[in-house]
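Chemist: Listed here are the chains, written in short residue letters.
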Amino acid sequence: MASLAAPAGTLRPRFPNISLKRLGDALAHGYVWVWLVIFALPFLATLAYSLRTADGVWTLSAYQYVLGSFKENLLLSLQTTVLTIIINLIIAIPAAYAIVRHPLPGKSFILSALNLSLYTPAAVMGVSLVIAYAFLFRIPQTMIGLIAAYVVGTFPLMLVPVIVALRDLPLVFEEAARTLGATRMQTFWRVEIPLLGPGISAGILLTFVIIFNEFLVTLFIAGPSTTTAALRVYNLTRTAGFQPSTAALATTMQLISFVVVLLFFRLFGSRYLKGTYLI
Amino acid sequence: MTHAPAEVAIEYEIADAQVSKPLASPRLRGGLLLAPAVVVAILFSIIPLGYLLQVSLTQDSSFFFTVEYTGENYREVFTRYRSAIAETVYLAAASSILDLIFGYPFAYILIRKVRYRELVRTMMTFPLFGPLYLAFGLFYILLPNGPLGPIFTMLGIDIAKYLFSQAAVLFSMAVFTFPFMVMNIGAALSNVDPMLEEAAKTLGAKPWQTFTRILFPLSWSGIIAGLLLCFGWNLGVFAQPQLLGSPKEQSVLSIQMFTKGLVQFNYGLAAALGVVLMVMAFAVTWISLRFSRGALGA
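Chains as they are written, first to last, in this note's numbering: chain S, 1 to 279; chain Z, 1001 to 1298.
Among these hints, one or two may not hold up.
As the list claims (entries may be wrong) - Restricting the straight-line Cα-Cα distance to at most 30 Å, the calculated cross-link-like pairs of lysine-lysine (DSS-like) are:
| no. | chain 1 | residue 1 | chain 2 | residue 2 |
| --- | --- | --- | --- | --- |
| 1 | S | Lys-21 | Z | Lys-1201 |
| 2 | Z | Lys-1248 | S | Lys-21 |
| 3 | Z | Lys-1113 | Z | Lys-1201 |
| 4 | Z | Lys-1248 | Z | Lys-1161 |
| 5 | Z | Lys-1206 | Z | Lys-1113 |
| 6 | Z | Lys-1206 | S | Lys-21 |
Think of the hints as simulated: they come from the structure by calculation, not from any bench.
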């Protein structure tokens, strides 16, 4: 009888002793917190390493390189990321539209073919692109090759949230706008794009987080003049060992990514990312 | 009910508008809208992968001049690189199982007890910034004079011996894919009514029986989907063995491909290794899509 009074979902009739239940709950929450610490620990360790010299003095001096010799790499990363996002938008929104709203033969086959690069391991994509660029397309190692690789690797990530958002969007809004005399373009820009906003921005966030931190495909196809910041981190750990300056760059990259994620969650919440790569 | 005639009227008007336009076959318009995406996918995904397949069947740069096909690369992959394939599969499988063991309780607690889910989701994005930073941070933690050194000494753990070990590689791989596992199991568990568990308990089931008879069968699809997703991701592992592993872990296929292709310029062999890895990854994805039907279900 006493157990009936306990809050639903947590009651344990077999253990009428309330303190035992409390202990179980405390352990459960403790377990979650241990994992939260584990998630943040590598970042915190990198941050601590970037702030200390070999003599144990705390200093910000390692960060002078971030705005010094790493500035080019950071700028290249931002540039490629922004360009990739723009091209992804231009490609993915019409494609999502066609897949949801238009009758097309072999739709599921087309969708699988478009998603193919999503399931290809990054190293396989890297090696296939480096061979194809060098011997088939004869493209030199410039930013264009890099961006093409990023676009093909991430536009499915833009496609999926927009398809999900479009499926949830009832046709009545579109129809109402058309009945009230809006042209097709007006309907698209003034009615549908605002309603699809969260889905589109989820795609933008996914693309940003992945491309900004991508180093593996880049490692295969980048030339000497197209070293992105994430690739620079990798290269430096291979050649220079573990330096505070490398840690400073890695910390900066993660901080930028984290701030973008926090901003997104503040603006849109996390529900638009369901069923995609970020929870 | 009163809305129905109005809706019908709208449908007619839209239909009329479409009919009145010339060249407006919806199928053609759909094709045009889809065209850029298809062109990009063909140019930079399908053609390169097809070319990879072709190069994998050639030796000594013959793909560039007169193409002579040979299965020699594959013979080498399945003899000399058999242990590399085994190591790749072993690491991916072991880390996915670790994810399941530690991720199931995590997902259960998250769904049933935790109110601060937004915080958990935010923190879970850290591993997703990439295995590179993860491995970098762990490397520093595992150094003999690392930041957590005093704590490990107090606990009597010699942490430095785990640097360049299988344990460190597996741990970092498991942490990287942990969110994917939690996401899949959490999605399955959130569809399980808590009343079922309570009913089982009221009827005298022990916690263990509640798990094996109620929770486990009902979250089975999430477990399979999570395992396959983690396994598929970890098949392509590169950064963690490279930074934290011993030479044995560094024999995984991704690293071998980089060494053969971009250091030794043996493109045929690198391509063959790539094709083998690709086939494994696609097989895993195909099975997992069969199981989960994906977010799209198209």
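Chemist: For every hint, state whether the structure bears it out.
Modeler: Evaluation of the provided hints:
{"no.": "1", "hint": "Lys-21(S) <-> Lys-1201(Z)", "result": "15 Å, holds"}
{"no.": "2", "hint": "Lys-1248(Z) <-> Lys-21(S)", "result": "46 Å, violated"}
{"no.": "3", "hint": "Lys-1113(Z) <-> Lys-1201(Z)", "result": "17 Å, holds"}
{"no.": "4", "hint": "Lys-1248(Z) <-> Lys-1161(Z)", "result": "16 Å, holds"}
{"no.": "5", "hint": "Lys-1206(Z) <-> Lys-1113(Z)", "result": "20 Å, holds"}
{"no.": "6", "hint": "Lys-1206(Z) <-> Lys-21(S)", "result": "15 Å, holds"}
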